[in-house]
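Each protein sequence line maps, in turn, to chains H and R. Quick note: the first sequence uses the working numbering, first residue 1, plus one each step. Quick note: the second sequence uses the working numbering, first residue 405, plus one each step.
Just so you know, not all the hints are guaranteed correct.
Calculated pairs, BS3-like style, for lysine-lysine (alpha carbon to alpha carbon, straight line, at most 27 angstroms) [stated by the list, open to error]: (1) H:K229 to H:K219; (2) R:K487 to H:K390; (3) H:K22 to R:K541.
No lab work stands behind these hints, which were simulated from the structure alone.
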Amino acid sequence: MSKQVFNKTNIFIALQYLFARKKQSFLAAIGVLLGVTTFIVMINFMTGVNDFLDDAVFNGSPDIIVSAKSKKQSTTTSNILSNYIENSNKVDDVLKADENVQSFAHQIISPAILISESKQFPGSINGIFPAQESNMVDLERRLIEGEGFQSLLKENSILLGVSLAKRLQISTGDEIKMILPNGKNTALKVAGVFSFGITTIDNVRTYVSATTLQNLLGKKNSITNIHVKLKDRDDVRLKSYLAENINGIVTEDWKDSNKTIVIGNKVRDILTWSVSFALLLVAGFGIYNILNITVIQKRKDIAVLKTIGYSSNDIVFIFLVQSLIIGVLGAFFGGFFGYIISYLISTTPLDTSDFIIVDTYPINFKMSYYILGFFFGILTTIFAGYFPSKKASKVDPVTIIRGI
Amino acid sequence: MILETQHIDKYFLEPEKHQVLRDISLSISEGELVSVFGESGSGKSTLLYILSTLDTDFQGNLNIYNQDIKNLTPSALTDFRNKHIGFVYQFHYLLPEFSVLQNVMLPAMKLSQKSKEEIKENALGLLDEVGMKAFAKRPSYQLSGGQQQRVAIARALINDPALIIADEPTGNLDQKNSELIFELLKKITGSRNKAVVIATHDPKIYHNSHCSIEMIDGSIRL
Chain H
1 MSKQVFNKTN
11 IFIALQYLFA
21 RKKQSFLAAI
31 GVLLGVTTFI
41 VMINFMTGVN
51 DFLDDAVFNG
61 SPDIIVSAKS
71 KKQSTTTSNI
81 LSNYIENSNK
91 VDDVLKADEN
101 VQSFAHQIIS
111 PAILISESKQ
121 FPGSINGIFP
131 AQESNMVDLE
141 RRLIEGEGFQ
151 SLLKENSILL
161 GVSLAKRLQI
171 STGDEIKMIL
181 PNGKNTALKV
191 AGVFSFGITT
201 IDNVRTYVSA
211 TTLQNLLGKK
221 NSITNIHVKL
231 KDRDDVRLKS
241 YLAENINGIV
251 TEDWKDSNKT
261 IVIGNKVRDI
271 LTWSVSFALL
281 LVAGFGIYNI
291 LNITVIQKRK
301 DIAVLKTIGY
311 SSNDIVFIFL
321 VQSLIIGVLG
331 AFFGGFFGYI
341 ISYLISTTPL
351 DTSDFIIVDT
361 YPINFKMSYY
371 ILGFFFGILT
381 TIFAGYFPSK
391 KASKVDPVTI
401 IRGI
Chain R
405 MILETQHIDK
415 YFLEPEKHQV
425 LRDISLSISE
435 GELVSVFGES
445 GSGKSTLLYI
455 LSTLDTDFQG
465 NLNIYNQDIK
475 NLTPSALTDF
485 RNKHIGFVYQ
495 FHYLLPEFSV
505 LQNVMLPAMK
515 LSQKSKEEIK
525 ENALGLLDEV
535 GMKAFAKRPS
545 YQLSGGQQQR
555 VAIARALIND
565 PALIIADEPT
575 GNLDQKNSEL
585 IFELLKKITG
595 SRNKAVVIAT
605 HDPKIYHNSH
615 CSIEMIDGSI
625 RL
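From just these sequences and the hints, can you work out the full model?
Written out as structure tokens, the structure reads:
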């Protein structure tokens, strides 16, 4: 390339061609716009849902759960009857030494019946150590009313999930009675109500102080679970290491407990990318067609441009600029409309389903998706514009002039 | 001496190998109007494309302005053409997306040695010279054939090239316009001291040129 092709004259010529076919150029830009808009809306919505679920489920539950091996039946987090971990010190040592462990917390979990003035329901009582647990669960963010974990430093306080509190018809400050499997009952004061947004959690989960629960169960210093939060959640080698090296425990990781959500996220990702890709491909073909037809119709003009001093590189640039302008306009307004539609969706009230509790559709407005969508749109047009441009540059003036 | 050829041979390979030009040697100087005539298929158009550097696939030597054309890369050749050669075709070939004035300005905008204002002024001057100044702002597709050809001559002159190549410039025009175009080309040759090469069928042109070359079967008839 002997001379700079990026110059005012070439851009002027490109614009002149573009404006000569306003309608087609406009339609081509609309094609890109639709592709980018759909991409933005879909990715905002899908990742919004993914993030919402990730946040609610994975932050509400630990990455690895260590519990005692049951002698009778398999154990789950909410259905444990006095299976206490005997080797908790050994587990602690392993966890302290492992670099991938971000934090861990002891819990004593017991089923119980909760009784308010008018209702009674079964719940899962998590006895926690406030200092440890606040490293695991960001309850402050989840609080609807009252106080968080620090309120449990007082004896006989309880925090409840919002659905459970509603069903019991109680709120912060009220008193409820708790009956444990061993028959002991005690009065607790509601210190706060939280919501993870997931019905399965908000319906049953409650927090009390571990020492309160230990005293009531008559099991001082005993725990039923150890919850572990990992730095890299996908590296779950620790799970099998613990199970193999320490007797009397079973381990479970987040993938085991949330299989449907993990699969759902994957399906949504695949859907987003494939639909967006297909739409952009169609938009790309639109641009390709328009430029291709232009090149065929304008072979004579291209030949003239070449004879009066415009090089092959100038010609490539002139046609590529046309597709690039279509692409930039389409991608820009695509991002703009994508934002507007996403915003409208994010303000649309959502009927609470049985599974999640949320007022409006979760939308992820991350800037990087807009940048990605913009570059996707432009990349498509560059690809679509390149081949017709190359074809244009190969026009041989002699053949054209002679061929008349 | 503006243009000189030595022993140019040219073959077409398709549909079968066939010699189109045989041993063409000629030279053209400033202020000379040379016409090339001959029957269709005699090779005059082919010779013209070689002289205009559009076709470089030949044997022999072509020097324009003491530059051996075969030594230039394709992009250097494009620049060379832009600067030193002006074109007029049988079918006018103005670009319909551009105005008359813009059409004339395009080669100079490519050369970009002058400011846009200067180029515009030059273009208007040239349009005046060919009698088309009043049409400067018009879209070029609104012009008649004769008018377009006059604009094409103005475009050929905008970079002040040494050599003007015209391929059947009057081939598509009526008597009156043909004469007008030829007079213009003659005027340019004289007043601007250009070398002009015209391929033509028109006896009026080749009888009134400084020098006319008849092509027969790819050779110059002496």
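Need the list of violated hint numbers for this structure, in ascending order. none
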